[in-house]
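**Student:** Sequence:
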Amino acid sequence: MKALNQKSFKADAGFSLTELMVAMVIGLFLTLGVFSMFSMSSTNVTTTTQFNQLQENGRIALALIERDVSQLGFMGDMTGTDFILGGNTSLVAAPIGAANDCIGGGANNASFPNNTPAHFRRLWGYEVGVGSESLACLSSVKNNTDVLQIKRLSGPAIVATEPNRYYMGTTANEAILFASSDGIPAMTNGRYWEYIHHVYYLANDGTIPVLRRKVLKEGGMKVAGSDEQLVEGIENMRVMYGFDNDGDDSADSFMPAENVTSLMWDNELFQRLVAIRVYLLVRAIEEDKSYKNSTVYVLGDKTFSAFGDAYRRKVVSTTIVLENPVLIRN
Numbered sequence: 331m332k333a334l335n336q337k338s339f340k341a342d343a344g345f346s347l348t349e350l351m352v353a354m355v356i357g358l359f360l361t362l363g364v365f366s367m368f369s370m371s372s373t374n375v376t377t378t379t380q381f382n383q384l385q386e387n388g389r390i391a392l393a394l395i396e397r398d399v400s401q402l403g404f405m406g407d408m409t410g411t412d413f414i415l416g417g418n419t420s421l422v423a424a425p426i427g428a429a430n431d432c433i434g435g436g437a438n439n440a441s442f443p444n445n446t447p448a449h450f451r452r453l454w455g456y457e458v459g460v461g462s463e464s465l466a467c468l469s470s471v472k473n474n475t476d477v478l479q480i481k482r483l484s485g486p487a488i489v490a491t492e493p494n495r496y497y498m499g500t501t502a503n504e505a506i507l508f509a510s511s512d513g514i515p516a517m518t519n520g521r522y523w524e525y526i527h528h529v530y531y532l533a534n535d536g537t538i539p540v541l542r543r544k545v546l547k548e549g550g551m552k553v554a555g556s557d558e559q560l561v562e563g564i565e566n567m568r569v570m571y572g573f574d575n576d577g578d579d580s581a582d583s584f585m586p587a588e589n590v591t592s593l594m595w596d597n598e599l600f601q602r603l604v605a606i607r608v609y610l611l612v613r614a615i616e617e618d619k620s621y622k623n624s625t626v627y628v629l630g631d632k633t634f635s636a637f638g639d640a641y642r643r644k645v646v647s648t649t650i651v652l653e654n655p656v657l658i659r660n
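The numbering used here numbers the first residue of the sequence shown as 331 and each following residue consecutively.
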């Protein structure tokens with residue numbers, strides 16, 4: 331009986347101090363492994379989320395610009411004909427004062443055609459901080475980014491107007507610009523279209539770069555509702571203009587706005603400008619402190635250095651064929 335009691339006591343004695351310490355060390359390593367796996371998983375989620383965000387924001391921004399620019403040159407029944415104010419073109423709408431308009435470079439580059447004997451520019455652009463060209467209607471535009479201005483009609487033809495917009499009635503030999511508040515003017519065999527004047531540019535909203543767009547509203551481009559915020563995270567934009575030099579309707583060379591001469595901008599019927607290539611540098615909305623970005627990004631003919639910050643970036647691009655100018659020439 332005595333031997334049995336001693337054996338039972340030894341069996342119930344538990345772990346020794348050495349055994350406990352070994353178990354604690356093993357548990358600590360297991361815990362560190364779990365936390366390491368959790369940290370890696372969290373980092374992977376952040377990386378994947380940011381890459382998806384970059385891809386989606388870039389896709390949306392390009393789609394908005396491409397849809398707009400691809401219709402450049404469409405002027406209803408007046409497509410292929412220049413506007414001559416007092417000749418084939420008349421204004422029912424009240425003139426827009428310079429203080430409320432976006433007036434670009436050249437002799438005839440406001441929202442509406444003027445009576446200057448010069449080509450009415452439907453397309454124009456410049457790089458902020460390069461050269462002397464600018465649009466006074468814009469403020470706080472990011473330096474060394476491109477600005478793109480386009481004018482066109484929007485189809486299909488309308489049967490009723492919507493408030494606070496401009497429209498154009500066209501026949502084969504006449505155009506009338508009017509505001510929605512003016513009512514639709516009578517035209518024999520006329521069709522009526524919304525008149526579009528858009529300016530794409532980049533500006534910061536706090537610390538976040540944003541693709542923005544100025545739109546023409548009744549009264550001008552500085553009235554309420556004329557400034558639209560389109561896509562966050564667009565940090566830089568480069569536009570290259572493609573010119574056809576041999577008459578085959580495809581671009582033989584692409585050049586930045588500073589290399590496009592006034593004569594080239596004013597080339598009647600856009601006989602040489604056949605494509606536009608748009609590069610966008612998309613930046614993550616938030617920093618990732620575990621990431622250091624020292625990449626040099628290429629946007630066409632220019633580069634952008636991240637300088638070791640904690641933002642992920644991606645370059646997206648598209649080439650837009652200007653189908654209406656090509657069809658006009660042919």
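No wet-lab data here; the hints were simulated from the structure. Just so we're clear, the structure is a prediction, and the values are computed from it rather than from any experiment. Hints may contain errors.
Pairs of lysine-lysine residues, derived as DSBU-like cross-links and limited to a Cα-Cα distance of at most 35 Å, are as follows [unchecked claim]:
{"#": "1", "residue 1": "472", "residue 2": "622"}
{"#": "2", "residue 1": "622", "residue 2": "644"}
{"#": "3", "residue 1": "619", "residue 2": "472"}
{"#": "4", "residue 1": "622", "residue 2": "552"}
{"#": "5", "residue 1": "644", "residue 2": "552"}
{"#": "6", "residue 1": "644", "residue 2": "619"}
Listed next, with one range per pair, are the computed distances between beta-carbon atoms [as the list claims (entries may be wrong)]:
{"#": "7", "residue 1": "445", "residue 2": "538", "range": "40 to 48 Å"}
{"#": "8", "residue 1": "621", "residue 2": "430", "range": "42 to 50 Å"}
{"#": "9", "residue 1": "474", "residue 2": "517", "range": "26 to 34 Å"}
{"#": "10", "residue 1": "430", "residue 2": "624", "range": "39 to 47 Å"}
{"#": "11", "residue 1": "447", "residue 2": "616", "range": "50 to 58 Å"}
{"#": "12", "residue 1": "445", "residue 2": "594", "range": "43 to 51 Å"}
{"#": "13", "residue 1": "378", "residue 2": "635", "range": "23 to 31 Å"}
{"#": "14", "residue 1": "429", "residue 2": "473", "range": "20 to 28 Å"}
{"#": "15", "residue 1": "470", "residue 2": "356", "range": "57 to 65 Å"}
{"#": "16", "residue 1": "513", "residue 2": "437", "range": "29 to 37 Å"}
Think of the CB as a built atom: it goes at the ideal place given N, C-alpha and C, for glycine as much as any other residue.
**Student:** Taking the Cβ atom of residue 621 and the Cβ atom of residue 430, is their distance within the range 42 to 50 Å?
**Tutor:** 44 Å, holds
**Student:** Do the beta carbons of residue 474 and residue 517 sit within 26 to 34 Å of each other?
**Tutor:** 46 Å, violated
**Student:** Tell me if the straight-line CA distance from residue 619 to residue 472 falls inside 35 Å.
**Tutor:** 25 Å, holds
**Student:** Are the Cα atoms of residue 622 and residue 552 separated by 35 Å or less?
**Tutor:** Given that 35 Å is the threshold and the Cα spacing comes to 40 Å, the pair is violated.
**Student:** Is the straight-line distance between the alpha-carbon of residue 644 and that of residue 619 35 Å or less?
**Tutor:** 18 Å, holds
**Student:** Check the hint pairing residue 622 with residue 644 against an upper bound of 35 Å on the C-alpha distance.
**Tutor:** 14 Å, holds
**Student:** Taking the Cβ atom of residue 430 and the Cβ atom of residue 624, is their distance within the range 39 to 47 Å?
**Tutor:** 45 Å, holds
**Student:** When you check the alpha-carbon spacing of residue 472 and residue 622, does it fall within 35 Å?
**Tutor:** Distance of about 23 Å is within 35 Å: holds.
**Student:** For the pair supplied as a hint, residue 644 and residue 552, confirm whether the alpha-carbon distance does not exceed 35 Å.
**Tutor:** 32 Å, holds
**Student:** Is it true that residue 445 and residue 538 lie within 40 to 48 Å of each other by Cβ?
**Tutor:** Holds - the Cβ-Cβ distance for residue 445 and residue 538, about 43 Å, lies within 40 to 48 Å.
**Student:** Quick check: does the Cβ-Cβ distance between residue 445 and residue 594 fall within 43 to 51 Å?
**Tutor:** 23 Å, violated
**Student:** May I ask you to test the hint 57 to 65 Å on the CB atoms belonging to residue 470 and residue 356?
**Tutor:** 59 Å, holds
The structure does not agree with the numbered hints 4, 9 and 12 stated previously, though it agrees with the rest.
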